[in-house]
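Q: Spelled out from the first residue to the last, the chains are:
Number of protein chains: 2
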Amino acid sequence: MRIVVLAGGVGGARFLSGVRAWASTHQAATQQAATQQAATQQAPTPRTVVTAIVNVGDNVTMHGLRICPDLDTVMYTLGGGNDRERGWGRAGESWVVKDELAAYGGTHSWFGLGDRDLATHLVRTRMLAEGRTLSEATAELCRRWRPGIEMLPASDDHFETHVVTPEGTMHFQEWWVRHRGVPEVVRFEFDGAATATAAPGVLAAIADADLVLVGPSNPVVSIGPILAVPGVRDAITKSPARVVGVSGIIGDAPVLGMADRCLRAVGVACSAAGVGGLYGARSSGGLLDGWLVDTVDAGTTVEGLPVRAMPLWMRDDEATAAMVAAAVELAAR
Amino acid sequence: MRIVVLAGGVGGARFLSGVRAWASTHQAATQQAATQQAATQQAPTPRTVVTAIVNVGDNVTMHGLRICPDLDTVMYTLGGGNDRERGWGRAGESWVVKDELAAYGGTHSWFGLGDRDLATHLVRTRMLAEGRTLSEATAELCRRWRPGIEMLPASDDHFETHVVTPEGTMHFQEWWVRHRGVPEVVRFEFDGAATATAAPGVLAAIADADLVLVGPSNPVVSIGPILAVPGVRDAITKSPARVVGVSGIIGDAPVLGMADRCLRAVGVACSAAGVGGLYGARSSGGLLDGWLVDTVDAGTTVEGLPVRAMPLWMRDDEATAAMVAAAVELAAR
Chain A
1 MRIVVLAGGV
11 GGARFLSGVR
21 AWASTHQAAT
31 QQAATQQAAT
41 QQAPTPRTVV
51 TAIVNVGDNV
61 TMHGLRICPD
71 LDTVMYTLGG
81 GNDRERGWGR
91 AGESWVVKDE
101 LAAYGGTHSW
111 FGLGDRDLAT
121 HLVRTRMLAE
131 GRTLSEATAE
141 LCRRWRPGIE
151 MLPASDDHFE
161 THVVTPEGTM
171 HFQEWWVRHR
181 GVPEVVRFEF
191 DGAATATAAP
201 GVLAAIADAD
211 LVLVGPSNPV
221 VSIGPILAVP
231 GVRDAITKSP
241 ARVVGVSGII
251 GDAPVLGMAD
261 RCLRAVGVAC
271 SAAGVGGLYG
281 ARSSGGLLDG
291 WLVDTVDAGT
301 TVEGLPVRAM
311 PLWMRDDEAT
321 AAMVAAAVEL
331 AAR
Chain B
1 MRIVVLAGGV
11 GGARFLSGVR
21 AWASTHQAAT
31 QQAATQQAAT
41 QQAPTPRTVV
51 TAIVNVGDNV
61 TMHGLRICPD
71 LDTVMYTLGG
81 GNDRERGWGR
91 AGESWVVKDE
101 LAAYGGTHSW
111 FGLGDRDLAT
121 HLVRTRMLAE
131 GRTLSEATAE
141 LCRRWRPGIE
151 MLPASDDHFE
161 THVVTPEGTM
171 HFQEWWVRHR
181 GVPEVVRFEF
191 DGAATATAAP
201 GVLAAIADAD
211 LVLVGPSNPV
221 VSIGPILAVP
231 GVRDAITKSP
241 ARVVGVSGII
251 GDAPVLGMAD
261 RCLRAVGVAC
271 SAAGVGGLYG
281 ARSSGGLLDG
291 WLVDTVDAGT
301 TVEGLPVRAM
311 PLWMRDDEAT
321 AAMVAAAVEL
331 AAR
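Residue numbers (the numbering used here), protein chains in the order written: chain A, 1 to 333; chain B, 1 to 333.
This is chain A alone, in the form it adopts within the complex (with noise of 0.2 Å):
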């Protein structure tokens, strides 16, 4: 079985870490049941594949450090590195150098760039300067962190998403981290997606994949970016696979993050309604096969949509992993 989970940063990794453990858990069942036929038939037994298309608007140039946060959020929080209270970034963290920028008068003091999470961006940022690709520097830091799915950038391409103000534009870093998502949103722009390219392995991840799941992660500036690639919308709209999707809204508000306000910015009610009207029926032109949503959401519909309601508190992977089979259940229908 192959799956694709469109993910962003902190909801992402935990929603990926469940897939992991759901992916874990159905190869060992799918082993078994090869075993128990292998005395009459050679074939290999089939294995569960996940690849992560993970968001790249966020990505950043700080200090001349290339910051890629969703792709270090999910490869810490899959490598077991990273800082579980706070969310994102490394465990055990330092800030020692952060400081010292600031002490030489460094303009993004606002930004957390710990001193465990500053090699990553060293080790990144040395090989995009040789000419490499982000795809291949995600391959060579994920050589240490062994996240155990396959992590791929949606683009290797400039792609950074922006926020304009009525005060002037600002990268989406500046108005989440800088000024806490306060600055009203004229709108979000996705700064290169006129000419960015899908990152090797996306576009055919999604053609050869069984089932794609969109991660609970913000639709306007995690998932969004993700379908502002080019090609990867329409990728995933003509895949043989099903689609289903899964609400980062619980009861009115974002389990993570400020979904709240990115919503608001483009007019969407911040509910499972809404988000799944956002993404809309494949059946109508849209993305999803199907929709999971909170309990607490049950009774929700989307046009053209099934809907499936069942708890989506990331409480551990075995929560996650519950919610994947729950969604392969739907896509099954």
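Keep in mind the hints are simulated off the structure, nothing from the lab. Heads up, the beta-carbon is just placed ideally off N, CA and C, and yes, glycines get one too. It cannot be assumed that every hint is accurate.
Now the in silico label distances, taken between C-beta atoms and shown as ranges [what the hints assert, rightly or not]:
no., chain 1, residue 1, chain 2, residue 2, range
1, A, Arg84, B, Gly131, 36 to 44 Å
2, A, His179, B, Glu189, 50 to 58 Å
3, B, Gly148, A, Thr107, 23 to 31 Å
4, B, Ala332, A, Thr107, 46 to 54 Å
5, B, Gly231, A, Glu150, 54 to 62 Å
6, B, Ser94, A, Arg180, 24 to 32 Å
7, A, His179, B, Gly131, 40 to 48 Å
8, A, Met1, B, Glu189, 56 to 64 Å
9, A, Ser109, B, Gln32, 42 to 50 Å
10, B, Ala207, A, Gly79, 28 to 36 Å
Covered stretches of chain A (in silico footprint by chain B; criterion: 3 or more residues with CB under 8 Å from a CB of chain B, positions within the stretch not fixed) [to be verified]:
no., region
11, 97-109
12, 119-125
What the simulated footprint calls covered on chain B by chain A, stretch by stretch (three residues with Cβ under 8 Å from a Cβ of chain A suffice, anywhere in the stretch; the number is not a length) [to be verified]:
no., region
13, 57-66
14, 82-89
15, 113-120
16, 123-136
Place chain B on chain A using the hints.
A: For chain B alone, kept in the frame of chain A given last:
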């Protein structure tokens, strides 16, 4: 009075600290004399200006960062941020990023890249990437450290000391730090020396100087590379300034570092006489008008060169300032 000092790293930095102390005392004395004349004369008090021309041959790119060990050692030392026991790097240093880079399988884990120090390299590397010169980056970094003297890199151009060994050529840092100066030296090469030019202000400072001091730094790999920048040696030999050298060898051993290994490689005796002879008397095509040696080396003679013996251990600024005072006296003969 205008003093130019040729300086390398740790020894050069300590010497400069003493030069600064001497200059401060000299400036105060000059000021007092001027004040006594002020009732009748309105001439401005002449300032005592110290310009350090710092070796760039140790500069190296690691992890994509441009690292300038001698410039930083001088800057940290004069700015009060250096580690006094270790000699190089920052006081209160930590090594988180270095350990993380090693965890990524980095190839330069032998290099002491501290977290605090790293911020300096980040600021410099970003500025260079933006098209600024090493001189401009140095001036920017000095806005924080306020070394109290003018610090000029010998050159803004590519210029690196390489070591040719029987097994191949390596960067000076690799020979010195990684291999502890053990590999046999066939010769030292100054990569880029053919096309490099002196950094802005270097030749003018020499031309305008009243006194040029050749610091007690390694004559082969600290002073040598400065003199190898096209135009520098010529500017010194043609300068109206007196040129006095200070021996970094006391009683057949270098005060700091591995000058003995370097001198052997160029066939020069590791002694005050040997190094004095290497620099040579300006009167016979060499560099110096005077040579300061330690009291244990009293009796040292160098053809054509006045030699003065005095204690050359730079225990503190007072001891070092006394060396400078002796050099000034020697220059005035």
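Q: Per the coverage rule (Cβ-Cβ under 8 Å, at least three residues), is the region 119-125 of chain A covered by chain B?
A: holds (count 5)
Q: Is the coverage entry for the region 57-66 of chain B by chain A consistent with the three-residue Cβ rule at 8 Å?
A: Per the Cβ count (3), the hint holds.
Q: Kindly confirm whether 28 to 36 Å is satisfied by the beta carbon distance between alanine 207 (chain B) and glycine 79 (chain A).
A: Cβ of alanine 207 (chain B) to Cβ of glycine 79 (chain A): about 59 Å, so the range 28 to 36 Å is violated.
Q: Could you check the hint for me, namely that serine 94 (chain B) and arginine 180 (chain A) are 24 to 32 Å apart, CB to CB?
A: Roughly 30 Å apart at Cβ, these two residues keep to the hinted range, so it holds.
Q: Could you say whether the range 40 to 48 Å given as a hint is met by the Cβ separation of histidine 179 (chain A) and glycine 131 (chain B)?
A: violated (30 Å)
Q: Could you tell me whether the CB distance from glycine 148 (chain B) to threonine 107 (chain A) stays inside 23 to 31 Å?
A: For glycine 148 (chain B) and threonine 107 (chain A) the Cβ distance comes to about 27 Å; the hint holds.
Q: Taking 8 Å as the C-beta cutoff, is the stated coverage of the region 113-120 of chain B by chain A satisfied by three or more residues?
A: holds (count 5)
Q: Just tell me: holds or violated, for the beta carbon distance of serine 109 (chain A) and glutamine 32 (chain B) against 42 to 50 Å?
A: With Cβ atoms ~44 Å apart, the hint holds.
Q: Given as covered by chain B, does the region 97-109 of chain A meet the bar of three residues or more with CB within less than 8 Å?
A: holds (count 7)
Q: How does the region 123-136 of chain B fare against chain A when you require at least three residues with a CB closer than 8 Å, holds or violated?
A: Coverage by chain A holds here, the residue count being 4 at a Cβ distance below 8 Å.
Q: In this structure, is the beta-carbon distance linking histidine 179 (chain A) and glutamate 189 (chain B) contained in 50 to 58 Å?
A: Holds, since histidine 179 (chain A) and glutamate 189 (chain B) (Cβ atoms, about 52 Å apart) stay within the stated range.
Q: Within 36 to 44 Å or not, the Cβ separation of arginine 84 (chain A) and glycine 131 (chain B)?
A: holds (42 Å)
Hint violations for this structure: numbers 7, 10, 14, all remaining hints satisfied.
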